[in-house]
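2 protein chains.
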Amino acid sequence: MKKFMEPESIALVGLSRKTGSGSYNIMENMIRFGYKGKIYPVNPNAQVILGKRTFSNISEIREDIDLAVISAPREDTVNILRDCAHANISAVIIVNQGFSDADSKGKAIQQEIKDIGKKHGIRILGPNTLGVLNNYNNFTTSFMPLTNERSSVGLICQSGIFFVGAQEFSGSIGKGIDLGNACDIGFYEALKYFREDPDIKIIAIHMEGLNEGAKFLSLASEVTKEKPVILLKTAGTETSMKSAMSHTGTMAGNFQVHRAALNHAGVIFLEEDGQMKYAVKTLSNMPALEGDNIAVITFSGAAGIMVTDALEKYGLKLSTLCHNTINKIAKLSPDWMPLGNPLDIWPAVMKHGAAKAYSTALETVLSDSQVDGVVCIAIAPALPDFSFLDVSGSLNMVMKKPFNKPVVAWLYGPNTEEISKKFESENKIMTYPTLETAAWSLSILRSSY
Amino acid sequence: MKKFMEPESIALVGLSRKTGSGSYNIMENMIRFGYKGKIYPVNPNAQVILGKRTFSNISEIREDIDLAVISAPREDTVNILRDCAHANISAVIIVNQGFSDADSKGKAIQQEIKDIGKKHGIRILGPNTLGVLNNYNNFTTSFMPLTNERSSVGLICQSGIFFVGAQEFSGSIGKGIDLGNACDIGFYEALKYFREDPDIKIIAIHMEGLNEGAKFLSLASEVTKEKPVILLKTAGTETSMKSAMSHTGTMAGNFQVHRAALNHAGVIFLEEDGQMKYAVKTLSNMPALEGDNIAVITFSGAAGIMVTDALEKYGLKLSTLCHNTINKIAKLSPDWMPLGNPLDIWPAVMKHGAAKAYSTALETVLSDSQVDGVVCIAIAPALPDFSFLDVSGSLNMVMKKPFNKPVVAWLYGPNTEEISKKFESENKIMTYPTLETAAWSLSILRSSY
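Sequence order for the protein chains is G and C. For the first sequence, this note's numbering assigns the number 1 to the initial residue and increments by one for each residue that follows. For the second sequence, this note's numbering assigns the number 1 to the initial residue and increments by one for each residue that follows.
Chain G extracted, bound-state conformation (with noise of 0.2 angstroms):
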């Protein structure tokens, strides 16, 4: 994978010679994104793109070449491969469509291809795919602009949407590898490849179907213990198992079984595309969950009783808490309050202000010994006029002290956007959209996985 995530030399095949905003050209976003290795473009029909002279074919080079983009059509590559043989290029990356996840020609050129792939020791990705991302080094095949972040998130999809609208799937990108229609490279050597990868700490899969299931699974079940693995899968019914043959021309395979496999790997199962940033954004700032045991501090008890509606779908429960605990909180509180778990703080807030009732309830509840984990629900104000019932700055200040517990938030009001900013910024507690995902989220901390 080294050849195809840190190349040195590029030769980029059947390169387009259009160029500018719309015309999706790879060398130009490739130099823009700030690949600083040699690029070699090769096109029959053009003398210079962007200024850098073109080769009318790949055995002209003359140079080492660590890896080859192809952007030709299907009826071509075959050839083009060939050529790649020749020049002794052992990293090939076709971007393509056109092929097992279309027609029976396409299909019978991807064979023919992974032929002469394994015949010469070329490995493959693709056909199909953006090919690969790497922030760390400024690299990317992909002809759609990406954004740049060096993320600790290993990224391994079948589709480019996950490239291009990484906001909506996994929030941030680190390294990624496109596998498209997965004729060579798949996902072992690509989980591989980032579990032997110190620079990403979590890694997110989209995956439609799965060859080689047996090895893919017994390293998963390796890997999980190292890194926390969060997967995506697609084409769960019967229709979109057909629809899968005809995107990337892979079998989807059950979905049940593939659930439960891949559970008891200790892979984190998501069941929607919503969750993939949550659970990343849950897994890069938080500790594990070493219990099962939640306290709820909230303002309101509608709020308290829907989160415990959650956490139990979750399989989460309520803790109970400790004497001591529930004294601190009662000595705030008027004295017909009944207290328990949810904690509800709100007849506290109004006597003694939001910052001093929440920071003493969560201080108190996180050195319960009962407790593992924490849901706090609290308001998210219009600054500054009521800047008091913002408690960000003195929960924030609570999470100094070395509690190890995670600590996960739910706001609500006129300003979530900005306060739920104020809650992430010393990166400890985190904020999620609804209590559904605040409870979910709290779930995959658990540390058996």
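Hints are computed from structural coordinates only; laboratory data are not their basis. It is possible that some hints are incorrect.
[To be verified] Derived lysine-lysine pairs resembling DSS-like cross-links, with alpha carbons at most 27 angstroms apart:
1. Lys401(C) x Lys428(C)
2. Lys281(G) x Lys105(G)
3. Lys328(G) x Lys277(C)
4. Lys118(C) x Lys192(C)
5. Lys328(C) x Lys242(G)
6. Lys114(C) x Lys18(G)
7. Lys421(C) x Lys422(G)
8. Lys281(C) x Lys227(C)
9. Lys242(C) x Lys351(G)
10. Lys422(C) x Lys277(C)
11. Lys242(C) x Lys317(G)
12. Lys328(G) x Lys192(C)
Please read all numbers here as calculations on a predicted model, not as lab measurements.
Use these hints to put chain C onto chain G, whose structure you have.
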């Protein structure tokens, strides 16, 4: 309910002398909100509050009073209610906590209050409530600041959090009734009121416990024929039911039984807290789905597969596209491109540009008699550099024709917020943050509701 929602004169009993930021003064909030009726503050320890003469007791007022709002310690409530009876007041809101939501003493007081109300013909809202919100006459009894927007949503809840955090739940509220502990006025009456209110087109409900279950369900099955009713039932687990006992003091009842009965009555049953605002947006802006057959237009095979998974999860299916539909898209696509549903128009976008490919595809599938609704997966490019990928204008142009079929969209790319606003600017195509939510939203538009 009219005296609660449109009172011409109000007594505020137990009104605090504290005013300004952080004082939660009901009168101050009421005046700021725009209430134009008469207000009589009652507080034996003050002469003047906010420039208004105060009364030491209700009996001193000697004017017609439509509504009394009581915010006093629970011990005083019984006597105040007796004073209300003497003053011929027939509508009372009791704001404070500490009744059936608290200890046995609180439960006893609530029972006494209920009995006094019954005896003297006083209708009671609460206790433990923010009261009412009526944006159509700028009236609220809430001590928390609220937003004022004349939306067509009537909200019935058992917690002030749905008023204060409206943007997290229903998105907006036109009129609201917080039942609190619901010692007298309950779901049945509130639902009846909104049924008959021409300003209200959608009824959103947060329910912990349901009294008069059979009566409510029978009414609901009538109302749902006229206006959609969406309902978030909380306190669904054994633990959260116990919490509900100490939140509003109501029995939550069996969750599964409730869900089945409410679904049967045509109520749209919400499964999590984040769904309410998407339900409101969907029902407010889009026509009913007259069948289960959905066409998916996509940029990305992977996303098409993900939304297929979600559509089937919510009981919808991919429609067979007619020959003519397929042919029109085939003309824009390369020969090798397998076309079906999901309709992958990426190659057509590459060849003919996003605007042409998307508008042709949308118009064609909407004209297909086998299609009842559409999911459109589009890109949210950075503007103005990539405006050629923004198809919001082209699609809204197509929507000017009277197809009368719902179209939902999911956007990905670096600029979802801005492009989403452009999509929704004509109130035709609604956008959703996840494919899961987009699919679910279509499903609640089924005309059977």
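Results for each hint:
The straight-line distance between the Cα atoms of lysine 401(C) and lysine 428(C) is roughly 11 angstroms, inside the 27 angstroms bound, and the hint therefore holds. With a C-alpha separation of about 43 angstroms, the suggested pair lysine 281(G) and lysine 105(G) falls outside the 27 angstroms cut-off, and the hint is violated. A C-alpha spacing of about 37 angstroms is found between lysine 328(G) and lysine 277(C), which places the hinted pair above 27 angstroms, so the restraint is violated. Distance restraint check for lysine 118(C) and lysine 192(C): the Cα-Cα separation of roughly 20 angstroms lies within the 27 angstroms cut-off, and the hinted pair is therefore satisfied.
Between the alpha carbons of lysine 328(C) and lysine 242(G) the distance comes to roughly 22 angstroms, so the proposed pair stays at or under 27 angstroms and holds. Distance check on the hinted pair: lysine 114(C) and lysine 18(G) sit about 79 angstroms apart at the alpha-carbon level, beyond 27 angstroms; violated. Restraint check: the Cα-Cα separation between lysine 421(C) and lysine 422(G) comes to about 26 angstroms, which is no more than 27 angstroms; the hinted pair holds. Taking the CA atoms of lysine 281(C) and lysine 227(C), the gap is near 14 angstroms; set against the 27 angstroms cutoff, the hint holds.
Annotation: proposed proximity of lysine 242(C) to lysine 351(G) holds, straight-line Cα distance about 26 angstroms (limit 27 angstroms). Of the supplied pair hints, the one linking lysine 422(C) and lysine 277(C) holds, its CA atoms being roughly 19 angstroms apart against a limit of 27 angstroms. Taking the CA atoms of lysine 242(C) and lysine 317(G), the gap is about 13 angstroms. The hint holds against a cut of 27 angstroms. In summary, the hint linking lysine 328(G) to lysine 192(C) is not supported, as the alpha carbons are separated by about 45 angstroms, beyond the 27 angstroms threshold.
In summary, the structure is inconsistent with hints 2, 3, 6, 12 from the numbered list given earlier, while agreeing with the others.
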